[in-house]
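Student: Turn these sequences into a full structure, and let the hints steer you where they fit.
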Amino acid sequence: MDTISYRTEFPNAQEVEHQWVVIDATDQVLGRLCAKVAKLLRGKYKPSYSPNMECGDNVIIINADKIVLTGKKMTDRIYLNYTGYPGGQRKATPEVLMKKALNKHLKPGINPLFNRVMKGMLPKNRLGRKLIENMHVYNGPNHPHEAQNPVVIDINKLK
1 MDTISYRTEF PNAQEVEHQW VVIDATDQVL GRLCAKVAKL LRGKYKPSYS
51 PNMECGDNVI IINADKIVLT GKKMTDRIYL NYTGYPGGQR KATPEVLMKK
101 ALNKHLKPGI NPLFNRVMKG MLPKNRLGRK LIENMHVYNG PNHPHEAQNP
151 VVIDINKLK
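Under our numbering, think of the first position of the sequence shown as 1, with each following residue one higher.
Read the hints as simulated data drawn from the structure, not as lab findings. If you're wondering where the values come from, they're calculated on a predicted model, not measured in any experiment. Ideal Cβ placement from N, Cα and C applies to all residues, glycine included. Any given hint might turn out to be false.
[To be verified] Keeping only pairs whose Cα atoms sit at most 30 Å apart, straight-line, the calculated DSSO-like set for lysine-lysine is:
id: 1; residue 1: K73; residue 2: K91
id: 2; residue 1: K130; residue 2: K100
id: 3; residue 1: K44; residue 2: K130
id: 4; residue 1: K73; residue 2: K124
id: 5; residue 1: K66; residue 2: K130
id: 6; residue 1: K72; residue 2: K39
id: 7; residue 1: K159; residue 2: K66
id: 8; residue 1: K46; residue 2: K100
id: 9; residue 1: K104; residue 2: K73
id: 10; residue 1: K39; residue 2: K159
id: 11; residue 1: K119; residue 2: K100
id: 12; residue 1: K66; residue 2: K46
id: 13; residue 1: K107; residue 2: K124
id: 14; residue 1: K66; residue 2: K99
id: 15; residue 1: K104; residue 2: K119
id: 16; residue 1: K124; residue 2: K100
id: 17; residue 1: K119; residue 2: K159
id: 18; residue 1: K46; residue 2: K157
id: 19; residue 1: K124; residue 2: K46
id: 20; residue 1: K66; residue 2: K91
id: 21; residue 1: K72; residue 2: K100
id: 22; residue 1: K91; residue 2: K72
id: 23; residue 1: K130; residue 2: K107
id: 24; residue 1: K72; residue 2: K124
[Stated by the list, open to error] Restraint ranges, calculated between C-beta atoms of paired labels, are given here:
id: 25; residue 1: E9; residue 2: G87; range: 50 to 58 Å
id: 26; residue 1: P141; residue 2: Q14; range: 29 to 37 Å
id: 27; residue 1: E95; residue 2: Q14; range: 42 to 50 Å
Tutor: Structure follows, in structure tokens:
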């Protein structure tokens, strides 16, 4: 079989091209936006997708403070966290997590609400922990990643 090869080609880490993408979160529903961002982070929109590799893009989300939750989820939904100690179960609503995002002590690019939602949509292993570092969330319209020449995309055009 010299003419046709039936071998499946898998990309290696040197062949994968990572782009920088900017997404405007103004008036977007949180879960629907994060589902599309998770696909971008994994690289599922690329033809060279491989499930065991980091082949996705770096995503910059701006205007995260203008995100929308449908119904009364902003106040009624409860996220539970357990510290590991007796009586260490903590409760937080999306409203509280949005207020924590305005905290000046947090590292820039970190948003507790987006991190909480995205961790549920990514793999629960080393790859998932590495992929979530490629997401940068900012409350305003400005971001410090201009040197990477990010491409602005319309998230509504993606499936």
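Student: Name the hints, by number, that the structure is in violation of.
Tutor: 8
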